[in-house]
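**Q** So the sequence lines, in the order shown, correspond to chains B and P. One point on numbering: in the numbering used here, the residue at position 23 of the first sequence is 23, and numbering is uninterrupted. One point on numbering: in the numbering used here, the residue at position 73 of the second sequence is 73, and numbering is uninterrupted.
Everything labelled a hint here was simulated from the structure, so no lab data went into it. Ideal Cβ positions, reconstructed from N, Cα and C, are used throughout, including at glycine. Possibly wrong hints are sitting among the right ones.
Partial pick of chain B residues on the chain P-facing surface, computed with a CB cut under 7 Å [said to hold, decoys possible]:
id, residue
1, ALA2
2, SER42
3, LEU45
4, THR48
5, GLN51
6, PHE103
7, GLY106
Computed list of lysine-lysine pairs in DSSO-like fashion (alpha-carbon distance at most 30 Å, straight line) [said to hold, decoys possible]:
id, chain 1, residue 1, chain 2, residue 2
8, B, LYS65, P, LYS5
9, B, LYS7, P, LYS38
10, B, LYS65, P, LYS104
11, P, LYS38, B, LYS65
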Amino acid sequence: SAVISQKPSRDICQRGTSLTIQCQVDSQVTMMFWYRQQPGQSLTLIATANQGSEATYESGFVIDKFPISRPNLTFSTLTVSNMSPEDSSIYLCSYSLGETQYFGPGTRLLVL
Amino acid sequence: DQQVKQNSPSLSVQEGRISILNCDYTNSMFDYFLWYKKYPAEGPTFLISISSIKDKNEDGRFTVFLNKSAKHLSLHIVPSQPGDSAVYFCAATRGGADGLTFGKGTHLIIQP
Chain B
1 SAVISQKPSR DICQRGTSLT IQCQVDSQVT MMFWYRQQPG QSLTLIATAN QGSEATYESG
61 FVIDKFPISR PNLTFSTLTV SNMSPEDSSI YLCSYSLGET QYFGPGTRLL VL
Chain P
1 DQQVKQNSPS LSVQEGRISI LNCDYTNSMF DYFLWYKKYP AEGPTFLISI SSIKDKNEDG
61 RFTVFLNKSA KHLSLHIVPS QPGDSAVYFC AATRGGADGL TFGKGTHLII QP
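If we strip away everything but chain P, and leave its shape as in the complex, we get (with noise of 0.2 Å):
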């Protein structure tokens, strides 16, 4: 039973648009959401974070959207950049000594 779903394996965005990448989770004892960025044969790499209390944070190109009524974040990307193509990956965790639970992950791909 997945807890954490991206149900978009990939999204095609033209550089310079907005690139809004979706997740959702069913576990409602989840209290944090982070957002994480993956190359081919390489970690992933820590992009941005949501606290439960929060419904918006942002970090210059990145903001992510928090819903907790409908259990639901989304993150968007503007604008959009050749380096942005990547495979992102939404993951969530209860906190404290707790690993994260991670979405399937959407294939970010930018059109020149």
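So that you can see chain B by itself, here it is in the shape it has in the complex (with noise of 0.2 Å):
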């Protein structure tokens, strides 16, 4: 499987303002995913990424919210934009090889 990493690994942040999280892939992949997990929860799926088209959303989270980027084939970024203390949470971005998913070491992120 290829390596995936993110930055930044750990963040502290003021409520009202905004982070952006690269995810980078040493190879191509065609799916990459966004997931959070919040304190004590399991892993929710924020939205899918494709490479050329718009992220596809689940129910709960919104563009304006968690605008999604993906350039290219190895690389997508998720913004947390105007953050309040319950944004406070584990992301992870992930990539599908087959029906199989391999997930990045995650950045920790405290709104205060």
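Since each chain sits alone in its own frame, please combine them into the complex, following the hints.
**A** In structure tokens form, the structure reads like this:
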């Protein structure tokens, strides 16, 4: 499987600000995904990001709050906009190979 | 409404014995099931998967069993080793471009 990395690994942000998380895969992949893991909870799919098309968002997640870019087959970004303390979570990206998804190390976000 | 359920938040097993982690699902459209292992401050690591057309898949110490009629799957680890101590997530997907739906996880503790 390809190596997948995320930046930053963690951040502490003030409410009302925005943070952009980067996800890099070391080979070309078709499907990339973004997930959130809130404290004590499971992983929840935010959106699916395909190169060359708009991201597809899950129920409860909107583009204005979580804009996603997918400029090429190895890279994607997720922005968490106008943050509030409820956005404090681990944000994870993944790519799929067949039916299996491989995850990045995650970005730990704390919003004060 | 949780479509993937792991009803045991934690499980303690003696080293060398068998660990059995259980998972139930409600969506009959799920076609592919996966198990992930997660250490703190890391992303989930793929362990093993099973297609809905099979009832068993084995990989070394890990075996996954699927009972479609009961909408139940289980992960067996034998023998259990101290390095197996982690949170284990069950996940399911309809396949294709669909993301994963996760359970809440089971914290497995292997006692020496």
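**Q** Against each hint, give a clear statement of whether it holds in the structure.
**A** Evaluated hints:
no.: 1; hint: ALA2; result: violated, 12 Å
no.: 2; hint: SER42; result: holds, 4 Å
no.: 3; hint: LEU45; result: holds, 4 Å
no.: 4; hint: THR48; result: holds, 6 Å
no.: 5; hint: GLN51; result: violated, 13 Å
no.: 6; hint: PHE103; result: holds, 4 Å
no.: 7; hint: GLY106; result: holds, 5 Å
no.: 8; hint: LYS65(B) x LYS5(P); result: holds, 28 Å
no.: 9; hint: LYS7(B) x LYS38(P); result: holds, 19 Å
no.: 10; hint: LYS65(B) x LYS104(P); result: holds, 25 Å
no.: 11; hint: LYS38(P) x LYS65(B); result: holds, 27 Å
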